[in-house]
Amino acid sequence: MKVAVLSESSADEAAIRILVNGILGTETQEVPSLPLRSRGWPSVLRVLPTVIKFLHYRTDAEALVVVADSDDSPIHQSIHDQAGGEDRRCRLCQLRGVSGDERSRLRPVPGRSELKLALGLAVPAIEAWYLCGIDPQVTEATWARRLQSERITYARNTLKKKVYGTERATIAVMTRHACEAATRLVNDLSQVELSFPGGFGSFARDMRNW
Amino acid sequence: MIESVHFKNFKALIDATLPLNRFTLIVGPNGSGKSTAMQGLRMARNPNEFHFLDVVTAPLRDAGDVIVEIGIVFRIDKTDVFRGSGWKYVGDTFGWFGPEFKLHSGQLEHNFQETFASFLNSFQIYTFDAQKLAAPVALVRNLTLSPDGSNLAGVLDNLRDKEPERFETLNEEFGRWLPEFDRVLFDTPSQGHRSLLLRTRSGHRIEASDLSHGTLFALAFLTLAYLPNPPAILCFEEPERGIHPRLLREIRDAMYRLCYPEDYGEKRSPVQVIATTHSPYFLDLYKDHPEEVVIAHKDENGVHFERLSDKPNLDEFLQDAPLGEVWYSGVLGGVPSNP
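From first to last, the protein sequence lines stand for chains A and B.
Here my numbering is used: the first sequence runs in plain steps of one and ends on residue 211.
Here my numbering is used: the second sequence runs in plain steps of one and ends on residue 419.
Extracted from the complex, chain A is given alone in its bound form (with noise of 0.2 Å):
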């Protein structure tokens, strides 16, 4: 299966790889010379419907996963995915919103199907998911508590400072780290899903989907 990965680094592409093909449970292929980036939020809304457009038209792409930070955003919530329950504030509504105008835009093409999409959301930063498993501090719920300004333990930078042991890590260092902590977690989806069910647990059940 052809699955291109919208995502800030290459250390990042690399690890939501391995995640995607543990999720998937089999091996995806990349989609050749195409190395997507995003500037991060909010640029990834941005250049989402081209990539989106890119894919379905120029490409022999079955999927795109992207997976976008949610920084001091508020958490993508359950009552999110009800009709009607969206959040105008929250990056994964917004990304779904976006992708869905752009999707129902596209024109067949002959012998293409539908090009399928999973969004996640890294609460608040994907080095979150990364600890998951190390510092069960670090979750969803807890952030949640820091957005209703409650003093928690840990801030975006200490969680590079966590995973990668600097917060100036290099894309090889980065990349070393985060594949490292992708693979870890691959042998237990079920507690990624539990401490980060709003960005994670739907961003696996959206593959699931496919």
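Take these hints with a grain of salt, some might be off.
Said to hold, decoys possible - Subject to a maximum C-alpha distance of 30 Å in a straight line, what follows is the list of computed DSSO-like cross-link-like pairs (lysine-lysine):
id	chain 1	residue 1	chain 2	residue 2
1	B	Lys168	A	Lys162
2	B	Lys88	B	Lys391
3	A	Lys162	B	Lys158
4	B	Lys347	A	Lys162
5	B	Lys88	B	Lys158
6	A	Lys163	B	Lys378
7	B	Lys367	B	Lys378
8	A	Lys163	B	Lys347
9	B	Lys391	A	Lys162
10	A	Lys162	B	Lys88
11	A	Lys163	B	Lys88
Claimed, not checked - A short, non-exhaustive set of chain B residues, derived as facing chain A with CB atoms under 10 Å:
id	residue
12	Trp176
13	Pro325
14	Asp343
15	Val415
To be verified - Simulated restraints, written as ranges between beta carbons of each label pair:
id	chain 1	residue 1	chain 2	residue 2	range
16	A	Val187	B	Ser282	32 to 42 Å
17	B	Lys158	A	Glu168	14 to 24 Å
18	B	Pro325	A	Ala173	18 to 28 Å
19	B	Ser282	A	Glu181	55 to 65 Å
20	A	Cys180	B	Asp390	36 to 46 Å
Calculated from the structure, these hints are not laboratory results.
Note that beta-carbon positions come from the ideal geometry of N, C-alpha and C, so glycine has one too.
Dock chain B against chain A, hints included.
Chain B alone, transformed into the frame defined by chain A:
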């Protein structure tokens, strides 16, 4: 490390304090004193080498008695030391003064003047020139990379001979940056000279003069980052020049390697790096470290510098757009007033 530099009547910097970190990225419109601040640091080393009229704020040239001063606050052993030097025009006489030292607090046991002098003396401002980077080099002992990038082949040749492990790591890193290349090679175009080549993964040897400017600039940044004893203070003018936006992250990492050696397994002392940029893409990379970004503002009162981290509500601004775009929009300042 230099904590801050105060400029008084120095060119465009009439009364401005530049706060510094181990790494500092200065953004601002053209003519906002970014390069001037770097020049000032260089000229403050030996004020006797420059004339009052070369340094004084233009409208003050004929204003009568004027003092031009560059005051550097330097931290040694957790103590702040002030070093002042400059130029003066008093009673129809041009002159210079300094360096004068003042201890803000505490005591220093060792000779901080010497420490300070050696620190400032190793100061370099780099503005790479692709032709100079590519040029063959006459081999002599202790070659250093010149401000325009001259001597690159010789510096790399030395690194290969004296620090082969570092040279190997540099090759691997460069191969990650630009995967079409796998090795830095050398040639001897004439006796006592070295020139540089890059070998592609398919085995072709590309002479330095045939490499793209961006490739040469990237190699120069990486070379500095892998030197065993780089200069103590380095300045880079527009390091993004010629570099693909996606490679800017690697350029940033090379600078961080210089500044934070302990994070990269290096045992040497940290280098203080000051860079200027006009690139929103490069600025994007500092979203998580606003304390490392200084905005140069230019208004009717002259130039002043402000740390990005001192901006109120910065986190809220960055929820809606990448840092580079927020800066470009003008809400952070540091942009031309017109257009």
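- prompt: Which of the listed hints are not met by the structure?
  reply: 1, 6, 10, 11, 12, 15, 19
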